[in-house]
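Enquirer: Sequence:
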Amino acid sequence: MKYHAKKPWKIKLDEAYRPSISILVPMYNEEKTIRFKLENLYKVDYPADKVEIILVNDASTDKTLDEVYKFIESHQGLKIKVLNRMGRSGKSGSLNFALKHAAGEVIVVSDADCFWPSNILVNALPYLFDSNIGAVTGREYLLNSNSSLVTKGEIFYDNFVQTIRVGESKVHSTIPFQGGFAAYKRDFLKEFDLETDDSGTALRIVQEHGRTLIIPEALFYTTFPVTWKNRIVIKMRRAKQLQGIWVRCLKLLFQGKLRLAKRIAVPEIFLHILNPIFFVAFMLATLFLIMEQPFLIPVFAAILLLILAVPKGRIGLIETVQNNCILVAAMALFFINKKPEAWKTVEESRSLLDESILKEKCLI
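If you want my numbering, it's the 1-based position in the sequence shown plus 334.
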């Protein structure tokens with residue numbers, strides 16, 4: 335896919351394409367972030383008469399709504415609808431509720447803790463001019479990318495993965511979508527997938543003969559935990575969701591109903607479902623070999639030290655081992671059907687948001 339990522343796009347693109355849009359922002363206890371989010375949306379470069387913002391409050395227990403109404407009172411020029419749900423329904427439920435109130439030709443979704451450069455819409459939406467394109471997503475960039483080994487590791491992993499995603503998009507479609515920025519043509523969007531609102535919805539669109547792309551120049555910003563514990567929480571959630579998606583694709587493949595290209599689907603299925611099994615087998619075989627042949631311990635130790643001596647090798651090894659361990663654990667949770675708590679935010683990420691950083695990046 336790296337080879338395909340370097341190829342030009344083979345789609346009809348119109349830089350002047352400006353459809354009407356509905357921006358959906360689901361909220362649950364976003365008191366500390368929602369003002370920044372709204373200030374960020376206020377700066378976005380797009381015709382105001384073609385934009386509506388729909389904020390969905392999913393039974394927040396803090397002062398999220400107070401912050402929203404304060405902003406609306408002091409800012410004019412944007413059409414903002416506020417929907418308040420009294421009972422928790424999770425992110426997918428909130429988005430489907432908002433969808434019933436949306437009038438835009440394109441539905442744009444963004445999490446409350448993600449921030450757009452002002453040009454994200456004019457960069458991304460022209461790709462939707464092509465009648466075959468059903469949805470596009472953007473690329474995540476960390477505001478605190480150099481904060482710790484944890485965030486550096488996430489950047490290392492993300493740089494590798496995003497190249498693959500661009501390659502998949504140029505071949506046909508990429509399925510993993512980002513909650514920070516995703517834009518869906520209303521004609522292709524019947525409802526948001528209840529299990530995985532972003533990637534699951536992308537798969538639905540592909541199954542309906544549409545294409546789903548990641549747009550490299552459609553960057554959005556967010557923060558990421560600096561501690562291993564919270565990083566694992568986030569990656570476990572993502573891994574479980576993606577494994578659910580690829581199990582779904584595997585079933586469709588066996589049934590002869592999968593519309594995603596096999597050269598995209600098969601490697602992803604292998605990576606997320608089969609590779610963790612091989613990883614466990616490899617680790618057990620290595621342990622058995624060392625126990626049976628102790629003289630190999632210095633050999634393995636020397637190889638390990640050589641890898642760790644190189645910064646990229648060290649990060650690469652840590653990422654490989656960690657990601658496979660997470661995939662193994664996520665697979666176990668998936669098969670025993672243990673569902674994560676609905677819409678549970680990682681407070682560490684929210685606490686890292688700083689007004690000065692957002693201003694420095696011209697995001698507010």
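Hints listed in this document are in silico derivations from the structure and should not be mistaken for laboratory results.
C-beta atoms are modelled at their ideal positions from N, C-alpha and C, and glycine is treated no differently.
Do not rely on the hints blindly, as some may be mistaken.
To be verified - Estimated spans, in silico, between C-beta atoms of each pair:
1) His543 to Ile611: 49 to 55 Å
2) Asn418 to Lys585: 36 to 42 Å
3) Phe622 to Ser690: 51 to 57 Å
4) His543 to Glu694: 40 to 46 Å
Enquirer: Against which earlier hints does the structure fall short, listed by number upward?
Expert: Violated hint: only 1; rest satisfied.
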